[in-house]
Amino acid sequence: MRPEDLLCPTPRGLYCPPADAFIDPMRPVERAFVTHGHADHARPGNDAVMATPETLAIMAARYGEEFCKTRQPAAYGERTVVNGVTVSFHPAGHVLGAAQILLEWKGFRAVVSGDYKRAHDPTAADFEVVPCDLFVTEATFGLPVFRHPDAADEVSKLLDSVALFPDRAHLVGAYSLGKAQRLMKLLRLAGWDRPIHLHGAMVRVTEAYEALGIDLGETIRVEPAARPKLAGAIVLCPPSALRELWARKFPDPVTAAASGWMRIRARARQSGVELPLVVSDHADWDDLRRTILDTGAQEIWVTHGEEDALVHWCGTSGLKAKPLRLVGYGDEGEAEETPAEAAEAP
Amino acid sequence: MNRFAFLLDRLAYEPRRNAKIRLIADYFRETPDPERGWALAALTGALSFRHAKPGLIRGLIMERTDPVLFDLSYDYVGDLAETVALMWPGETRANRAPVLSEIVEGLTSTAKLDLPKRLAHWLDALDEVGRWALLKLITGSLRIGASARLAKTAVAALGDHKPDDVELVWPGLQPPYEELFAWVEGRGEKPFALDPAPFRPPMLAHPLEDADYRLFDPAAFVAEWKWDGIRVQASAGKDAEGRQVARLWSRSGEDVSGTFPDLIEALTFEGSIDGELLVLRDGKVQSFNVLQQRLNRKSVTPKLLAEFPVHIRAYDLLVEGDEDLRELPFDVRRKRLEAFVAREDNPRLDLSQMVPFDDWDGLAAARLDPASAGAGDDSAAVEGLMVKRRDSPYVVGRPKGLWFKWKHDPMTVDAVMMYAQRGHGKRSSFYSDYTFGLWTEDEEGVRLVPVGKAYFGFTDEELVELDRFVRKNTVNRFGPVREVTHTEAIGLVLEVAFEGIARSTRHKSGVAMRFPRIARIRWDKPPHEADRLESLEALIEAKESA
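First to last, the sequence lines map onto chains A and B.
According to UniProt numbering, the stretch in the first sequence is residues 1 to 346, in order.
According to UniProt numbering, the stretch in the second sequence is residues 1 to 546, in order.
Hint data in this document are derived by calculation from the structure and do not stem from the laboratory.
Glycine included, every Cβ here is placed at the ideal spot set by N, Cα and C.
Some hints here could point you the wrong way.
Stated by the list, open to error - The calculated label-pair distances, taken between Cβ atoms and stated as ranges, are:
1. Ser109(B) <-> Leu189(A): 45 to 51 Å
2. Gly64(A) <-> Asp524(B): 29 to 35 Å
3. Arg506(B) <-> Asp20(A): 55 to 61 Å
4. Asp5(A) <-> Arg447(B): 51 to 57 Å
5. Asp255(B) <-> Lys322(A): 51 to 57 Å
6. Val464(B) <-> Asp150(A): 27 to 33 Å
7. Leu319(A) <-> Met62(B): 20 to 26 Å
8. Leu319(A) <-> Lys405(B): 55 to 61 Å
9. Asp124(B) <-> Gly296(A): 33 to 39 Å
This is chain A alone, in the form it adopts within the complex (with noise of 0.2 Å):
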């Protein structure tokens, strides 16, 4: 068999024939596998969505319990039947609840990555190591310059300054789902136990990350008049709220951003950031590499990114590899976004 009879790009997202199912639809399907809750993998509508039990609770805390008529959570490991193609969900160590989908076809095994990262993430399952024939793997960051510092040392940086400007309010832009709740957790795991201050579209998802159990220390919504005493603070909000009107009724605010993006200088300057902060929820290029050898894989398909490099190296390391180019997927960023979240500003 061809690994196209199994899986195949269409406009509206991966196809899988066989299980007449997609994986992360663009629009609105019958049957949608959905790796995990970010707003461009995740999308409201569809009528029944196969997806882990934490990333099925963020859809609902994002979209509203109506999302898709029915839920079928899959927890890691778990292997299901669809149609006789095997499915099952293993940690991709993206963002809570964020899978690898594997499945399983007369012998043939395919992965698809969803977004994933290797670096440990206290608030996300560590990464698995799924072998299989067909590996389709993302690109974000799928270039040579990019290569994520220890985040730890990156949230280190974040306090010196605090501690060097004590009366200046510090703005952290950083995506509502995931980022935000990982640079909690190393806030607080690096001795930081004052609350910290979420923009408005934080809030829910903050919210079920805690109803998942995650203990993110005490945060406090920012509220309009409050901005003003925030010296000192350390703020969380969406990197587009760096550049809006709320970020500057904070007393002379220090502008930082959390993204893999920051490693280049254009990019943060291009943002006004003045303190860059290199945090990704991605792999960089040696992870890309590593995880591609090590699941095993003869064929490799790479989706949304800087999917030539990584097919280039595919190459030269005498492996299989095609580019996707699927529309829709974000870089990492504007699109993890949902609208209701962008505008729901405190």
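Starting from the known structure of chain A, arrange chain B on it as the hints suggest.
Only chain B this time, still in chain A's reference frame:
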């Protein structure tokens, strides 16, 4: 090097000018000679190394990485030094990082053949930020948002001096500037300015906003044509041995004398003139398009000099003999300038003509029709008016309320985006350079022909949308270039503004636009409603017949 690298890193992310000055001044205060002097040289662009060039860096990285991966990375990052700093296989084997003076000395004195090894050794010993700073030194442009002027301002801030005081002694100084630091810190004599033809930062104008000028009293202002050439400063004088020294400076303080030896030879006066560099043939001002053919040439041949004779049209007199006139009112300087130009009687030098007017409506009429308002045959090379307060001193920078530029309204055309490429510098990693085309019809049928390239004019928010459009509508890739959908039904219409248009044999379309930029993004307009190539050709014909 680590301290200097740390300074550059902080400067790169600090948006506030005063904070930048403070960072630099603090660094100068805490860093001993000669380290800080070399840093000042780096910040003011005074360092240049004969053998250490970008090619050397490329060679080193090519030996250590896959060339395809390097090209893709460079295309993405948009900055050679940063790409190499990030990709360098980081192995810190040395137990100490080199200091700045050691690097400057090494880059200057190491033989060409030994340089790659020496540089690789330093790169191994430095961390990522250190590597970036070192490679920035070699590639020349620091791109950290700190100008030479800013660095000199920081030097002045070490003592009780004005930035202009530093500017005046600057031409006589050499790195590592120990006597300069001694002077500003009150430990030494004021250095003697040895350069008889120094650069003096020019005075710049604000655009004239429709709403404000009618509030001004017309009698307090004068107007002259704004010529479409290159703003230059011609400085000349006698050195200590009594020899004539002449230099031509660009607006930003770059010495462009080498490109214009014919003009330099003609600068026999002592003083400093602010003016416009123009090509004149038989007394007639040529278009910028003609001037451009004289620029960007590697070698200046006698043929080039004969075909493109350059002149200076004088706007202002800054210094006459050893008298600095800049504090005097414009009216007085203008009288001095008129007398000066008359006395010089130099065929390479003439006087900018004033445009008389009684009221703002009269001046607006002159702006719309320069040919009948005195510019005559040269009106095609006029790009608008300069409006200056009669009592304005010559102030460095862009002071408010003194000088205004009142340019012609640009021409515009609705074009269709055809190709896109990633930008450099500030626009790095975004698809920000767009090739656009207009419709034409020939034996191949109705099709778009590329007419130009634009890479600014849009806001940062618009850039994000344009970038997204390019990514979602890519139909082809040619290396770094993406072809985007451009059919009659689907595609993106860009309203392109431009300052001039001329025939060109270098462009497939046969036309070349001057200074094209995106005026508006027409998300609302279907591509088949974009303009046709004939509309540009008609503009050229109209100009030619005029």
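Comparing the hints with the structure gives:
{"no.": "1", "hint": "Ser109(B) <-> Leu189(A): 45 to 51 Å", "in the structure": "50 Å, holds"}
{"no.": "2", "hint": "Gly64(A) <-> Asp524(B): 29 to 35 Å", "in the structure": "34 Å, holds"}
{"no.": "3", "hint": "Arg506(B) <-> Asp20(A): 55 to 61 Å", "in the structure": "57 Å, holds"}
{"no.": "4", "hint": "Asp5(A) <-> Arg447(B): 51 to 57 Å", "in the structure": "41 Å, violated"}
{"no.": "5", "hint": "Asp255(B) <-> Lys322(A): 51 to 57 Å", "in the structure": "53 Å, holds"}
{"no.": "6", "hint": "Val464(B) <-> Asp150(A): 27 to 33 Å", "in the structure": "30 Å, holds"}
{"no.": "7", "hint": "Leu319(A) <-> Met62(B): 20 to 26 Å", "in the structure": "24 Å, holds"}
{"no.": "8", "hint": "Leu319(A) <-> Lys405(B): 55 to 61 Å", "in the structure": "59 Å, holds"}
{"no.": "9", "hint": "Asp124(B) <-> Gly296(A): 33 to 39 Å", "in the structure": "34 Å, holds"}
Going down the numbered hints, you'll see the structure goes against just number 4.
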